[in-house]
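Chemist: What follows is the residue order along each chain.
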Amino acid sequence: MKLDSKVPSGPIEKSWDKHRFELKLVNPANKRKFKVLVVGTGLAGASAAATMAELGYQVETFCVQDSARRAHSIAAQGGVNAAKNYPNDGDSIWRLFYDTVKGGDFRAREQNVYRLAQVSNNIIDQCVAQGVPFAREYGGTLSNRSFGGAQVSRTFYARGQTGQQLLLGAYSSLMRQVGLGTVKLHTRREMLDVVVVDGQARGIVCRNLVTGESETYWGDAVVLATGGYGNVYYLSTNANGSNVTATWRAHKRGAAFANPCYTQIHPTCVPVTGEYQSKLTLMSESLRNDGRVWVPKKKADPRNPQDIPEEDRDYYLERKYPAFGNLVPRDIASRAAKQMIDEDRGVGSTGLSVYLDFKDAIARIGEPKVREKYGNLFDMYHHITAENPYERPMRIYPAVHYTMGGLWVDYNLMTTIPGLFCLGEANFSDHGANRLGASALMQGLADGYFVLPYTIGGYFAGTKLAKVTTGHDAFKEAVSSVNARTQRLLKTGGKTSPSALHRKLGHIMWDNVGMGRTAKSLNTALSEIPALREEFWKSVAVTGSGEEFNQTLERAGRVADFLEFGELLAKDALTREESCGGHFREEHQTPDGEAKRDDDKFCHVAAWEYKGEGKPSERHVETLTFDNVHIAQRNYA
Amino acid sequence: MEQIMDNKLMNLTLKIWRQKDAAAEGELKSYALTGVSPDMSFLEMLDVLNEQLVAKGDDAVAFDHDCREGICGMCSLMIDGQAHGPEKAVTTCQLHMRQYKDGDTITIEPFRAKAFPVVRDLCVDRSAFDRIQQAGGFCSVNTGNAVDANSMLISHDTAEKSMDAAACIGCGACVAACPNASAMLFVGAKVSQYALLPQGQPEREKRALAMRAAMDAEGFGHCTNEYECEAACPKEIKISNIARLNREYFRATLISE
Ligand SMILES: Cc1cc2nc3c(=O)[nH]c(=O)nc-3n(C[C@H](O)[C@H](O)[C@H](O)COP(=O)(O)OP(=O)(O)OC[C@H]3O[C@@H](n4cnc5c(N)ncnc54)[C@H](O)[C@@H]3O)c2cc1C
Ligand code: SF4
Ligand code: FES
Numbered sequence: 001m002k003l004d005s006k007v008p009s010g011p012i013e014k015s016w017d018k019h020r021f022e023l024k025l026v027n028p029a030n031k032r033k034f035k036v037l038v039v040g041t042g043l044a045g046a047s048a049a050a051t052m053a054e055l056g057y058q059v060e061t062f063c064v065q066d067s068a069r070r071a072h073s074i075a076a077q078g079g080v081n082a083a084k085n086y087p088n089d090g091d092s093i094w095r096l097f098y099d100t101v102k103g104g105d106f107r108a109r110e111q112n113v114y115r116l117a118q119v120s121n122n123i124i125d126q127c128v129a130q131g132v133p134f135a136r137e138y139g140g141t142l143s144n145r146s147f148g149g150a151q152v153s154r155t156f157y158a159r160g161q162t163g164q165q166l167l168l169g170a171y172s173s174l175m176r177q178v179g180l181g182t183v184k185l186h187t188r189r190e191m192l193d194v195v196v197v198d199g200q201a202r203g204i205v206c207r208n209l210v211t212g213e214s215e216t217y218w219g220d221a222v223v224l225a226t227g228g229y230g231n232v233y234y235l236s237t238n239a240n241g242s243n244v245t246a247t248w249r250a251h252k253r254g255a256a257f258a259n260p261c262y263t264q265i266h267p268t269c270v271p272v273t274g275e276y277q278s279k280l281t282l283m284s285e286s287l288r289n290d291g292r293v294w295v296p297k298k299k300a301d302p303r304n305p306q307d308i309p310e311e312d313r314d315y316y317l318e319r320k321y322p323a324f325g326n327l328v329p330r331d332i333a334s335r336a337a338k339q340m341i342d343e344d345r346g347v348g349s350t351g352l353s354v355y356l357d358f359k360d361a362i363a364r365i366g367e368p369k370v371r372e373k374y375g376n377l378f379d380m381y382h383h384i385t386a387e388n389p390y391e392r393p394m395r396i397y398p399a400v401h402y403t404m405g406g407l408w409v410d411y412n413l414m415t416t417i418p419g420l421f422c423l424g425e426a427n428f429s430d431h432g433a434n435r436l437g438a439s440a441l442m443q444g445l446a447d448g449y450f451v452l453p454y455t456i457g458g459y460f461a462g463t464k465l466a467k468v469t470t471g472h473d474a475f476k477e478a479v480s481s482v483n484a485r486t487q488r489l490l491k492t493g494g495k496t497s498p499s500a501l502h503r504k505l506g507h508i509m510w511d512n513v514g515m516g517r518t519a520k521s522l523n524t525a526l527s528e529i530p531a532l533r534e535e536f537w538k539s540v541a542v543t544g545s546g547e548e549f550n551q552t553l554e555r556a557g558r559v560a561d562f563l564e565f566g567e568l569l570a571k572d573a574l575t576r577e578e579s580c581g582g583h584f585r586e587e588h589q590t591p592d593g594e595a596k597r598d599d600d601k602f603c604h605v606a607a608w609e610y611k612g613e614g615k616p617s618e619r620h621v622e623t624l625t626f627d628n629v630h631i632a633q634r635n636y637a
Numbered sequence: 638m639e640q641i642m643d644n645k646l647m648n649l650t651l652k653i654w655r656q657k658d659a660a661a662e663g664e665l666k667s668y669a670l671t672g673v674s675p676d677m678s679f680l681e682m683l684d685v686l687n688e689q690l691v692a693k694g695d696d697a698v699a700f701d702h703d704c705r706e707g708i709c710g711m712c713s714l715m716i717d718g719q720a721h722g723p724e725k726a727v728t729t730c731q732l733h734m735r736q737y738k739d740g741d742t743i744t745i746e747p748f749r750a751k752a753f754p755v756v757r758d759l760c761v762d763r764s765a766f767d768r769i770q771q772a773g774g775f776c777s778v779n780t781g782n783a784v785d786a787n788s789m790l791i792s793h794d795t796a797e798k799s800m801d802a803a804a805c806i807g808c809g810a811c812v813a814a815c816p817n818a819s820a821m822l823f824v825g826a827k828v829s830q831y832a833l834l835p836q837g838q839p840e841r842e843k844r845a846l847a848m849r850a851a852m853d854a855e856g857f858g859h860c861t862n863e864y865e866c867e868a869a870c871p872k873e874i875k876i877s878n879i880a881r882l883n884r885e886y887f888r889a890t891l892i893s894e
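Residue numbers (the working numbering), protein chains in the order written: chain Z, 1 to 637; chain E, 638 to 894.
Treat each hint with caution, since some may be false.
Among the chain Z residues that face chain E by a calculated CB cut under 7 Å, a handful are [unchecked claim]: (1) 70; (2) 172; (3) 175; (4) 528.
Simulated restraints, written as ranges between beta carbons of each label pair [as the list claims (entries may be wrong)]: (5) E:891 to Z:365: 42 to 48 Å; (6) Z:140 to E:782: 17 to 23 Å; (7) E:888 to Z:90: 42 to 48 Å; (8) E:664 to Z:484: 34 to 40 Å; (9) E:777 to Z:477: 41 to 47 Å.
Derived from the structure by calculation, the hints contain no laboratory data. For glycine and all other residues, C-beta sits at the position ideal for the given N, C-alpha and C.
Using the sequences plus the hints, can you model the full thing?
Modeler: Here you go:
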């Protein structure tokens, strides 16, 4: 396998323009001869599908939910970044580029990140034109707020529902195209295989989740925009159905998987209460604009937090990182919380949380203003915990939130399978080893609105595509492999629910491949995961049949894939003998507990190639060079 | 307050609508569930039931859900006859079992409406909402055509009002709660979001006419001012959106004549 990033040469400011100029074009009349299958209708998939349809391509979309509007992007709360510099506080494309490369701990491709910063401004324009009701100032201009890892205010938002509003914007454009007949929608479909014909991605196999039928679809290219794999940890802030299935099955057909060990643990989530818990709820990073994080100075202080005076509180982020204070990047804030808890200074009945306090903000701007900014988050917190955060500080704890790893893609967003593209959180993307807040929405929409619609044209114009139908043997082979797996799941005769096995996997992952990783813990994971996988295939209970609506079967299939993927994640973490961003190897830290990179050995992307059932995957390397940002130890103090 | 919370486990009787597929006859079946923690969400309570059913070799109860934080609009359920259950301004996934007490019987049924056929058990088909949106729920602007975002000034209050309407999650509780199974609150919210904004003006009349026509074609009923929709809506979408939809529709019929 050869990794050719296709990154343009020359000055970085001109790379994207130059690349676009050099891409061959498909003339407008010919576009309708090409059919693109877009799997996933989140920000990345919906924006790509709508834009390609506007350009004239035939598009078909697929999603697991009953409507394209319900993709997990809908849950994004805090906001979307752009380098508009509307607040006049010194922002620029260059600064957004710099912050993102540094925030990612120097493990992303400079050219990709620069392009992302460049198109960020177009995203805001596009969304406003669609009628997205972003927050506004009294004078009628757009409002901004701050997110972690930046010293400027560049985050655009719609209350605490930014993802919802951006997704509904993309969905409205998609629905418009469906109405015009240029897009065919397929909902309640789960993609279970990619069909590769003569080395090119030419179709997919889906399970129709209502009838259970294995359906086949052909296309001239396939786009995966299927989101992240955070649910490999069982508990995460992701939606329940988020999964690795689509990208994992594509991996098994030849798409390299890059940096699976880069996972993001978000510092501010509602803490776990019991074994039955099915998800963790995020409290948006935007809260750190006004909320202050602290723990009591004294261990096991029994007082109510409201009764603990200032002098007995340790605002540890402000103390350790005075320049960024509560707005340090997520990896740093999460590790700092873990340190406090490891020092037995955690709060709440389990000791597994820290305080996020709004007392000072309420005193400064008043409760109504705080309510306007964060009301829905406060309500959500109240519903879950039965505590009122206007009166008592929130209790928060880190939780798995986002995955920077994903299918390896080149500058055109194409995977190592020609004709298979990957967008949004599903690709290994632009965030390096740590994503900054409000940058996932930016990346998903950049990929979908402003990158893929160009680069896919270059692929079509420069590629010979034979005529293919779903009658081709490759489709038959893929369907029979999908059906065989379904039958195997139905026939184990076991007694354990898929969720119970998923929970076990989650414990292995969180305990051994979580916030702090060591060679020892990773080796434990690498022996426990295959054992659990074996247990799964003996003991999983899947009731009902394959020919009906069967959520137990759906769940079992996803858990089976997580059980394979989790091993690769742990292996990647073991091989990367350094700490960077969200990947913290306890053996590699500075004296004050910060991540210590090893640029001589690991300044590269690790892309894994699948070698077949039971065979070890092969690790390939794409070297990263930093010609524009000076590579250094990150400093937020 | 952690101490104040009652951590006593509860035993419940659940009466749940079971229906194999759209064509099958459905019926309410009874299940006894023990050890329910008041800290569980309603859907986590159903997860526990399902794990027990599956371990016994029975089919799990099918129900729709995804985000489990009140935003995707995927969860539904009529709980003791109320869409999204007894608590105000809350989706089923955000409802917690501390609302119930030991020994309670809870009846759980799907959202019912002609335009929302049952798929299985508690899942219904709400694709009619997608089709209404396809008829006109958008601003016709292709990617790449937009001007600088700040070249269009929109007052803070207008943006907030538009956002109030845009907060609809498309769950369909308004339809399920309405004795006529009307979708006026859903359509009113979408039409209002755009009618309030300058971006929505070029297609204002066309949108109101097209979305209402699509709504009727899908078999949703008419609004007879029952106010049940507003009471059931988890996102507190105001009934004034229906009044605005009526005005927009009326205005559009006048102009288009
Ligand atoms: C609670 C929360 C809050 C967040 N807040 C922010 C924020 O404020 N700012 C920010 O920038 N980012 C935020 N993020 C991150 C961001 O929301 C996501 O990274 C981003 O929305 C992912 O978009 P996507 O289009 O790549 O995928 P998704 O939105 O996850 O969409 C995935 C799509 O793929 C489909 N799919 C998946 N598997 C299959 C399959 N096998 N077959 C068919 N279809 C499939 C799904 O149905 C869905 O349509 C947040 C994330 C969470 C969890
Ligand atoms: S108006 Fe309210 S009840 Fe109706 S679909 Fe929207 S959010 Fe649901
Ligand atoms: S599951 Fe998403 S709103 Fe309830």
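Chemist: Confirm or reject each hint.
Modeler: To see whether the hints hold, each was checked on the structure:
1. 70: At 4 Å from the nearest chain E Cβ, residue 70 (chain Z) passes the 7 Å test, so the hint holds.
2. 172: holds, 4 Å
3. 175: Given a least distance of 4 Å, the restraint on residue 175 (chain Z) holds.
4. 528: violated, 22 Å
5. E:891 to Z:365: 42 to 48 Å: Once the Cβ atoms are compared, 45 Å apart, the range 42 to 48 Å for residue 365 (chain Z) and residue 891 (chain E) holds.
6. Z:140 to E:782: 17 to 23 Å: Once the Cβ atoms are compared, 21 Å apart, the range 17 to 23 Å for residue 782 (chain E) and residue 140 (chain Z) holds.
7. E:888 to Z:90: 42 to 48 Å: Given about 47 Å between the Cβ atoms, the range holds.
8. E:664 to Z:484: 34 to 40 Å: For residue 484 (chain Z) against residue 664 (chain E), whose Cβ atoms are near 35 Å apart, the range 34 to 40 Å holds.
9. E:777 to Z:477: 41 to 47 Å: With Cβ atoms ~43 Å apart, the hint holds.
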